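Following the hints, complete the assembly by docking chain B onto the known chain E.
As they're listed, the protein sequences go chains E and B.
Using our numbering, the first residue of the first sequence is number 1, and each one after it goes up by one.
Using our numbering, the first residue of the second sequence is number 1, and each one after it goes up by one.
It should be emphasised that the hints constitute simulated quantities derived from the structure, not laboratory data.
Note that this is a predicted model, so its numbers are computed, not measured.
It is possible that part of the hints are untrue.
[Said to hold, decoys possible] Think about it this way: if two alpha-carbon atoms lie no more than 16 Å apart in a straight line, the pair counts; the simulated EDC-like pairs of lysine to aspartate or glutamate are: (1) E/Lys45 / B/Glu318; (2) E/Lys45 / E/Asp81; (3) B/Lys145 / B/Asp198; (4) E/Lys45 / E/Glu73; (5) E/Lys80 / B/Glu318; (6) E/Lys85 / B/Glu318.
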Amino acid sequence: LRPVIFYVPPEESPLERRLREARQEAQACNQRFWARQNCAFHQEKEEFIYSRLKAKGLEMRDETGQKATLNAEEMADFYKDFLSKNFRKHMQYNRDWYKRNFAITFLMGQVALARALRWLRWKKKNV
Amino acid sequence: GLFIWHLKSTGIRHVPCQFVHLCHVANDRLITFQYFTFLKRMYVTQYNKDLSQRAKPKSDSVASPFREFQQLDQEKKVIKIRPISPVHQPLSETTRGNELRETKSAAETEEAVTPVRAESKEDRQWKEMKLRLDDLPGILARLSKIKLTALVVSTASAGFAMAPVPFDLTCFLLASLGTGLASCAANSINQFFEVPFDSNMNRTKNRPLVRGQISPLLAVCFAASCGVPGIALLTLGVNPLTGALGAFNIFLYTCCYTPMKRMSIANTWVGAVVGAIPPVMGWTAATGSLDAGALLLGGILYSWQFPHFNALSWNLREDYSRGGYCMMSVTHPGLCRRVALRHCLALIGLSTLAPVLDITTWTFPVVSLPLNLYISYLGFRFYRDADRSSSRKLFFCSLWHLPMLLLVMFTCKKSFLEKEDKGDLLGGNHGRAMEIRLP
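Next up, chain B with everything else stripped away, as it sits in the complex:
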């Protein structure tokens, strides 16, 4: 349904309509008047924002000096628009306009707001595309994929929590904040690179850059203003190793994974590493070094990425193929399913490894076994059936499986005191709390 519509509308738009007159809007006088007052308000806020070139909302009080200036101009020019964020006019009906004004939710939901539209040409109006300051947080949230960032931060916190050191709140907060900022930056750059591809796929066609809600320059500035402080925070406020890992992860995601998506199926493995690094970062933030524990946590997340992503990509094969993305699910479907199953089983193995490395007690593999067996079962069903329902089941299971696994891991964490005693028994020295390593 959606796809067909999309295709039809693409066909219609093929007619060179780039220089269509703005007469559509001017037809209705009442609308025009409102339109202009709307513009006036827009102009002022836009003017403000542009000057500061910062993505922070400014209070309205600063707007007043510019109002006089703007009013004079309005007589001369019909529509005064600041070209820095030029007139973007999406082909949409008025519902879209309302959306723009009322965009509040930072949620990146599959915007089912674009259901099957009664697509008549009269419905489509050229809409003034202005950047509203109160829309900005929502837009930036979607640009930085805030929900995904939140998940990434939570895996990093899990890594921090699992580290065998006394809990340091400041360090924890700094590490989480730094990781969150780095993730925002990486996601923004990813969206910046992928504008035409995103616009072609159903899942991603409502992203801010695709819709023209913000300019690419703003996206890059936002990414820089998140990434630089984020990495600096990690390097200076936590430790250089974490900062380095953060920077490396940003690089891996934006410069390796994103281009590779269109070049080779190996991108999935690179993407899995990208997903595995945050918990490692959390661990190194706590302990300052890369232990076996860090690598194990990273390994668990690495393995988890495969059932998660392969199941997701299974249902998007058509869009991927049309968009030119090289994904296992399209080119090597058998491999796709095998790998997903393989890594579900690997999760069982890795969970058993945890107590061996003294990160958790032996309760952990026992308690996590049902979880891992369940996801392996779904992985097996996916492998065998290879259809839409089994892939969806596997995907949704992966979404709750990971938090549960991490939670169970945390509850089974080997108590720090226990380890201290063990250290005593083995004659190890105490030194500073931070320096105690696993025996």
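Excised from the complex, chain E in its bound form:
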């Protein structure tokens, strides 16, 4: 995920502040979730490979020093397992993300509208 620094304009309206905070929060939330997921995935994958290799009687690294890997079939078991274990977490995250996404986009719309009106008023004043 790409971190974003949101510029704070000096005359930020409360609406704009809400938008900015919502976006920052969503970003932080996303970052946390995915970082944790990815780390967990990576870790569990390592553990899985290790346990499977051990069951086969092999070491993590073979004679040439290369990291031993399992073939796709065996990894498939792991992927299936990981997916089903995290299903509920993902459902929760989905709901959360959809809500946030809509809220942020709606706020953006409001901000855009407010800004457009402001510009129109400025235009009228200066014309």
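For chain B alone, coordinates are given in the frame of chain E:
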């Protein structure tokens, strides 16, 4: 390689660096100066674009009245940025910045531009993220998955061409345009929904919304500005049935398929229907009704989707599993391969059905047999071997198999005149050309 890098960088980013000072950029004075002039140019164009809230590039002449205003401000504020498209600053090196400036190609290639990067922290700079007007077409093209849209439009045109009516150019063009716009809208909404998931997967992490090149609001506005005219064009310019199908397809794709991807493996079947509808739309655009022919064409595309998608998803199992996508290839690998093979064989059956329904001559199943047998063979290899190479072979074969099949179908199309004669013989009435149905 890429995955590991991605993981490492995710780990690094975990450090709360959201409020890192912009001092990185300011270090080099020369860069700063260029940076500011760059910003000035950016500010003007951005200001322009925001006011119109339209995704159309504006000519530079309109920019001049605002330049004075902006210059005054620049003394007061160091960096004046329009927060509507806030400062998005991706962690990337300068190559990314060049990419932004020189993004021209509308191609949605697997951007191998992000190869294994020498990831040192000093390389990463905070980059000003501004929406350039000349970047916009490229960005929107990627947002609407223009290549996929082009394929969808071509299947719709195939549906139109196969319909047993005299060819009407205006209708054809309107139908193609409408379908294309509807597809753009659907793809944009899909990307809008899937931002954090896309950013997590290697294949999709360079999409415009993920990179922050445009804001979600713009994506939605673009989708609306494509979808509404597209469907209107179909409903009013072609016929209501086609418009309804188009709207239904957008709904199915964005509101059913996209959420379902994360909920159940049944999403593949829904996605296959989504892919099958465009040729049906083409047919109904030509004839105005849903005939057996339309359904057959839809059926062919429906069956085709399975070897195509299952083969693609086979190699992405790791990313899907990590990202939380429920795909057959991850949870039910055996089913995945069986279904792919089953539908390859179904293609043979459907091709044989075509002359029975009087859409093509009997040459069609004969000529298409080698094609279908080849893809079935690859499907069988995929079923048996279930490895990376067989899935890739099947996927790439599916890419050229479909156009070839449609082309052969078109060349074997039963001539309209022939059917007219047949109609005569059977004592059917002619009436208007558009009303002639299959006997």
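Checked hints:
1. E/Lys45 / B/Glu318: 10 Å, holds
2. E/Lys45 / E/Asp81: Answer holds: E/Lys45 to E/Asp81 is near 11 Å, not above 16 Å.
3. B/Lys145 / B/Asp198: The given pair, whose Cα atoms are some 14 Å apart, holds under the 16 Å limit.
4. E/Lys45 / E/Glu73: Between E/Lys45 and E/Glu73 the Cα gap is close to 14 Å, so the pair holds against 16 Å.
5. E/Lys80 / B/Glu318: The given pair, whose Cα atoms are some 10 Å apart, holds under the 16 Å limit.
6. E/Lys85 / B/Glu318: Satisfied, since the Cα-Cα distance of roughly 15 Å is no more than 16 Å.
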